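Q: Here are the chains, one letter per residue:
2 protein chains.
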Amino acid sequence: MSLSDLIVKPHAWYGSGAGCPIALSSRVRLARNRSDCSFPRRAGEEECERIWNEAEPILRELASLKPAETAGYAELTEQERLMLFERHLISREHAAQARGSGVAIRTDEAVVIMVNEEDHFRLQAFGGGLCLRESWARVDSVERELERAVSFAFTPRWGYLTACPSNVGTGMRASVMLHLAGLVLMEEMGPVINGIQKIGLAVRGVWGEGTEASGNMFQISNQMTLGEREEEILALLEQVALELVDHERNARKRLLESRKTVLQDHVGRAYGILSHAHILSSKEALDLLSALRLGIDAGILPDVERKQVDELLLLSQPAHLQWREGRILSPAARDVARARLIRNELFSKRSG
Amino acid sequence: MSLSDLIVKPHAWYGSGAGCPIALSSRVRLARNRSDCSFPRRAGEEECERIWNEAEPILRELASLKPAETAGYAELTEQERLMLFERHLISREHAAQARGSGVAIRTDEAVVIMVNEEDHFRLQAFGGGLCLRESWARVDSVERELERAVSFAFTPRWGYLTACPSNVGTGMRASVMLHLAGLVLMEEMGPVINGIQKIGLAVRGVWGEGTEASGNMFQISNQMTLGEREEEILALLEQVALELVDHERNARKRLLESRKTVLQDHVGRAYGILSHAHILSSKEALDLLSALRLGIDAGILPDVERKQVDELLLLSQPAHLQWREGRILSPAARDVARARLIRNELFSKRSG
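Residue numbers (numbering that gives the first Met the number 0), protein chains in the order written: chain H, 0 to 351; chain Y, 0 to 351.
Wrong hints could be hidden among the right ones.
To be verified - Okay, derived cross-link-like pairs now, DSS-like style, lysine-lysine, Cα gap no bigger than 25 Å in a straight line:
1) Y:Lys8 - Y:Lys252
2) H:Lys306 - H:Lys259
3) Y:Lys65 - Y:Lys8
4) H:Lys282 - Y:Lys306
5) Y:Lys306 - H:Lys259
6) H:Lys8 - H:Lys259
Stated by the list, open to error - If the Cβ cut is set under 7 Å, some of the chain Y residues that face chain H in the computed set are:
7) Ala11
8) Ile278
9) Lys282
10) Leu285
Keep in mind that the hints were calculated from the coordinates and are not lab data. Just so it is clear, the structure is predicted and the values come from calculations on it, not from any experiment. Glycine included, C-beta positions come from ideal geometry on N, C-alpha and C.
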């Protein structure tokens, strides 16, 4: 599989779509399993390998996935799998797997299928901004096509069967990634998170379940997969996401009106540190780039382009960074390389 | 008294002298009291006022103080007294006094006499870098001159009598201010401080007794005033200060050799924040300007001049800042004004 086309730039769909730049991306995924094999965790390595070997030629031929790249994880280095994880295309757990697992990626990164993650198939559709319905339509058509070649585990009573009971039913999880830096700076995220959780949606950090909201990025997703129609779930999630985008716009407006100096200080410090630091951890880079992004959106940082910041958000991650440097780096060396990358990018822009 | 000539620039003697730029300044002071009056804290306000009124014309005529400015504290605003404190010319306690206290300042700020601080007279000589002997000679000649006009409290057994027993004897305290940013960054100040204390010298922060070492500025002074000759005290202090300057130079050399990236990061972040922040506390400004100074001395910050940083160290202090702004500011407004001052200074330099 050739990753080199992917990693030099953000996803093809990135940076556009409804609710941009506050809404970063949308994802809809379906969990599906073969009716004639054990779930991956129960199947042995050999059976998993057989499942992957049977799946790969089928996925390759799916019209809705073309043009696609496919790769068994035994063929990919750990670094390459981690890059796919950093691009949010596969889960951290999937990236940690090797023989018997694999992935199919439409080259625009708008459709990705994980094979033998927790379930045999995790069909995913991605898009920029708030685009749940389009993503749903896309993943739905992939699923219909795949269903012609594979017999899915399904019962009329439970719907689609999945390895984890939390996915049984529709097998669908939809999520929206939002950049809520204004609400965080106004210290208003606490009640917002409580409100979202009360209506049965989950709020997570940028890396999904169990992660902190680094860089003021929040992932909102449905919890329920059983007993509700996909369209209802998507409609609720979309409505909440739109409200959050509104809340965030409002918070930014109030920041500019009544706490402009605080905002300028927050953004200015981030710019100053990013353009002059020589050691930067992933976490600090993410937080500071988030502040920069807020400054650009608020119109108080005219020198920097959002596209540039979004690229750095992606390229400054460990695996991307090492790909770019052409070698494996110690964590300390990565922090130095990350600072250099960001410094050069921000400086070259300023003088350009 | 006209302060306007003083506050627009650092002290006339600042920025030169032996051991510069690590040794910032030297001070030698003598505590003296009149034999015919109670110590200031025992004397009432009226007696203090009489003492000041009698002292002022005498001080004005001292040849070793000419040209001098004198001012009773009833004539000065609190802001003006605080400016003298921020210039290290008077103590914080003296700045808090009003009627009955006063000061005489040679216009080059190399000789300053506080009247009715803890003692009737606190004679002080200042100089740039490491210049204890010259300062001692200067304050000694002021003292001899003053002695012709005033009868000092003195006994052959105890020497000069002072309000606090810790000053009895010579009444002399000598101190050197050192910028030990390299030793701090190498985390080696702990044992250095222990070593200094063991030989009977005191290590204090930039504001003297009981203060923290903000901005990596340390004041080394003698503890003993009784039973030792002035020359011996000064020789010991000078020797220790010279050793500290050497230690610091060595620490900076090692930083450059083995931890250059850490140093660049430390200095770069300080530069980035100072040139882009919109809110800066006194403490943070002091710490960051200290890092900048280290960067300049280490040759890794070619864009900024030490003189400029030293000016900002002085001018960014609360009373100086308010004098410059022409009005009293709330602490929050000072933090904004301070950030603006520093930002403008560092930026105007860069583009100039």
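Q: Hint by hint, where does the structure go against what was stated? Just the numbers, ascending.
A: 1, 4, 5, 6, 7, 9 and 10
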